[in-house]
Amino acid sequence: MTVFFGVFLLTLLLIVAIAMVRTDNLFVAVMLGGIFSLLMATIFFLLDAPDVALTEAAVGAGVSTVLYLAALALTAEREKIHTVHQIKALVVVTTTALLVIFATFDNVQFGDPTAPVHVHVGPWYLENTQRYMDIPNVVTAILGSFRGYDTLGELFVVFTAGIGVLFLLGARPKKDTEAAETLIPQQSETSEGLRNYLIPRLTGRLLVPIILLFGLYVQFHGEYSPGGGFQAGAIIATGIILYALLEGEAAALRVVPQWMLMALMAGGALLYGMVGIVGMLLGGQFLDYSVLADNPVVGQQVGILLIELGVGMTVSGVLLSIFHAFAARDKY
Amino acid sequence: MYYVVVIATFATMGLALVRALLGPSVYDRVLAVNMFGTKTVLVLIVIAFLYGRPDFLDLAMAYALINFVGVLAVLVFFRTRAQREPTETKGKD
Amino acid sequence: MSLLLDVFSWVLLSLGGVFVFIGGLGAVRMPDLYTRMHAASLTDTIGSILIIVGVMLQAGASLATLKLLMILIFLLLTSPTATNALASAALISGTLPKKATPYGKDAS
Amino acid sequence: MDWLGVYYYWAFAALLMIGFYAVIAKSNLIKKLIGLSMFQSAVFLLYITMGKIDDGTAPIYHEGVSQQIFSNPLPQVLILTAIVVGISTVALGLGIIVRIQEEYGSIEEHEILGIDER
Amino acid sequence: MSAWAQHLPALQVGVPLLTTPIIVLLRPHGLAWAAATLTSCFTFFIAVMLTLAVLDGQQVQYSMGGWPAPHGIALSVDAFSAILLLIVTGASTVALLAARQIVNAEIEASRQPLFYTAWLLALAGFVGILVSADAFNIFVFMEISSLASYVLIAGGSDRRALPAVFKYLVMGTIGATFYLIGIGLIYLMTGTLNLADMEVRIREVSDQKPILVAAGFITIGLALKAAVFPLHLWLPNAYTYAPVPVTVFLAACSTKVSLYLLLRFDFFLFQPNLLNHNIQFSYFIMPLAILAILAASSLAMIERNLKRLLAYSSIAQVGYILLGASLVSLIGLTASVIHMFNHALAKAALFLCVACLATRCVNLRIDSLRGVAKQMPWTMAAFLLAGLSLIGVPGTAGFISKWYLITAALDEGLLGVGLIVVVAAGSLMAVYYLWRVIEVAYFDKTNEGTKIVGEAPLGILVVCWLVVLSNYYFGLAPWLSTTLSSAAAQILLGQVP
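Residue numbers (this note's numbering), protein chains in the order written: chain A, 241 to 572; chain B, 332 to 424; chain C, 17 to 124; chain D, 1294 to 1411; chain E, 1128 to 1624.
These are computed hints drawn from the structure, not numbers from a lab.
Where hints are given, some of them may not hold.
Quick partial rundown of chain E residues pointing at chain A, CB under 8 Å, derived from the structure [said to hold, decoys possible]:
#1 H1134
#2 L1145
#3 A1275
#4 V1278
#5 L1315
#6 T1317
#7 P1337
#8 E1539
Heads up, simulated DSS-like pairs for lysine-lysine below, C-alpha to C-alpha not over 27 Å straight-line [claimed, not checked]:
#9 K328/A - K1294/E
#10 K1501/E - K1572/E
#11 K1294/E - K320/A
Computed from a prediction, not measured in an experiment: that's the story for all the values here.
Glycine residues also receive a C-beta, built at the ideal position from the N, C-alpha and C atoms.
Please put together the full structure from these sequences, using the hints given.
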């Protein structure tokens, strides 16, 4: 039966994907992108990957929809129909697809427990996580400790994106350099959010603390259930974005000011790095958490908690900074 | 019995998708997206029980919350759009 | 007793499934935005209530039930709110219910 | 499961195609970016599919779970990282697009090329 | 000190990476530049230490987090990565030393800390790729370096940088995703991500189609990022419209790092294990390399913008590097690796001269450089000397790599003669396109109405001459580069050095 669930969802996914490419209304494409992401997340859930599903939902349906919309508000809603290189595109794409499909002709085993993927490195984690760090969520264990260096890299990818967007959008368009001073009152007028809509505002205000609370739960419960720093950061950022949508940019910036966002961004990255360096100073390797406490298992748990906190801080800081950077810009 | 619910919900997801693809107005599409979101939450709940992993309800909770933010973001977008260019949002898709 | 609970929950679940499906049909078949919204949202809420309560009965008294209750509350809060916001946004933008427009002109 | 696994794999190939096509053939920059993230999503699907074991369950220990087969956690970890990379790329791409719109007044590739040639 | 020596591979990445959050917060004027330059110098110092350790014959290995190799992430440094580490950290330091005035002129003070942060992130990304021994970890650092490079390129005041960088973003992401697909397929068949472990386990499955497809995806993806000829489309505009210091930095190392990965995967992983990969690789790469040399050089000959001319020249040089590799011989590979080093020297010197010119000239069209040698004699002299190195005149670093390349080609018999003709033709074309600049600068009369401009600021000029002279140092005393290169070639061919 599960088989058919998968087939059905994949079919819907492909339909949505085609519709996203075909529509000339970018706004519709972005909304279908939300559906795409929910479908993808459900498929991940069916494939036993709840952590990934949570991330995909938080990122795809939440953050990336908001970012796309913010960018659309600054650019154009409609695509001009002008298809370039159609033949070239079809040739390249078909070649790639044939190459990919060619690979399946050699008894690739999916789902087979004896396939090479499932016998070499993967099972080792399942067998040894309990012994080394005694936390139930193996995904968090690998993410935090066994491959903690990857996660450090991931954190810095997000950090780079944040730096990049702040840097790019820090530039003022040339034509209204002199109008820059008048820009500020204009934007506070247009970004007052849904102030006049009573019901969404009431419900929203009720939900903001709940979302934040839920984010904290995901953050600190990541060792026991799906979730962790990245998901938590995205959810917390979504909560504050909701507040900004309801009450306006200015209000959200009063609650979480710009300097605090910068501090979160840099602080999270520093926290992660510090955990690594402290491990080194205490005689271990870089990012070795076993030395953080007398008992190596406790040390691992402390380390994972701290680095997840670092990831959560940076991610929420970066996503909010990016959102504000987009939202604070008036249409040129 | 869970299967019946899953199938019904899947069918509804398909119908919501039809509405999202047909439009005709953007509001219809927003409606479809919202509907799709709630249906996904239901499917997740049922599948969590079907697979015997009720601890994964966190996911459904996250979906319920995030979907709302997405829909509200769309509405705020409409509102700013309407203020800037009053003619544009009126048109059909 | 447990048999009774079981039967009751199955009834709720299947009713919920039926409602959800009808809502979906309504969202596709209804003639204009507002009626579609009506079909979608009304059955959305009742369908969700029935299914989640049905699952709750299966779960018994546990953490899962608490989570389900919270999900139900969220859904009941967010879904009508979203519909309301959507309706007012549509109305402000000038979309009118079908009947209110002159014959032959579709305003949706 | 065998043919289903292959179906998942082919869905990955199809999604890859759709996204890649949008990247190459569309002139609108936002559309290109949407295609790009679809292209990346296809790869996520590939990895998660290969991590699944038949009759397995998510690699999280829980009291009520009696099953002893857990799906492979490693691809999931990799994809968590890859999703983050994807959203970072999208955010940066959108930033660049907004700047392009400000400088050129258009986000259509063919128009932008035309503006610079003049 | 010895306790720290074991941590060197981790510090190599950790130092630039972990300084970035601090630099973001450095508001005062100039402090961000100073901090970034210091960090870059320190990174260079670590790279030198690592190189010394490698020359000493040590196996530099490091397990991140204390988890042993296939389960945790391992770092390893060998001669091949050491020579690239020297190039990358050296180029970054040199470019940063020269960057200050130009960046002050182009970027507002409030955004400068962000710019230098992105710079260090790019550096950390490149370095992270070079020291990593884990296929997926390489992807992560590749993305750090790419995202940071996009930011750097878009940083200047020229608006044409924006569409160029968007194109780079799209093509770079496609390249990285192709790489990810390839790694996924290999992981599917071997179950491991560690390169050394992969090399062992791939033998059993080397005849299966997923591995072949994976080899294809990885090669194409990396070729896209390395701007191998038909996939080079993103490069000319990106280099042309980027701020000049960024061009110095990226021209010297960005494509080199991708080439490093390409060679490492193709030789270390696929070459010894895949049936007939040898022949396929040669037949696939060699024509591309020849095309790259000829086509890109011809484009450079007709190009009017100095920066784009040099960018096309870079694409041609990628051709030389691949040509050496496609011979699949020890000398050929040595030529490849040594050319990476020498080309980085020559191109960094040339772009530094461009940086000098950029401080005084309004635009970098060749027409507008008429008679500039009278006003900027030192800059143009440096340009001339660096140009000689690019062409490969005896006594320069460029000559060493051409020499190795020709020696390698001579081993190939008749085919080799053809290759020598190509190399000679490429060099002649280089003479022509560089001569155009020299001619205009030295022998044309100054444009009427052009303001009298003086020599470039001393700071940049000194850095520029330093690099030019090092071209001659490594041309006359090529011990370091040849030792490292031949060791690298031996590693790539699987021979114990």
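Worksheet item: Checked against the structure, which of the hints given earlier come out wrong?
Response: 8
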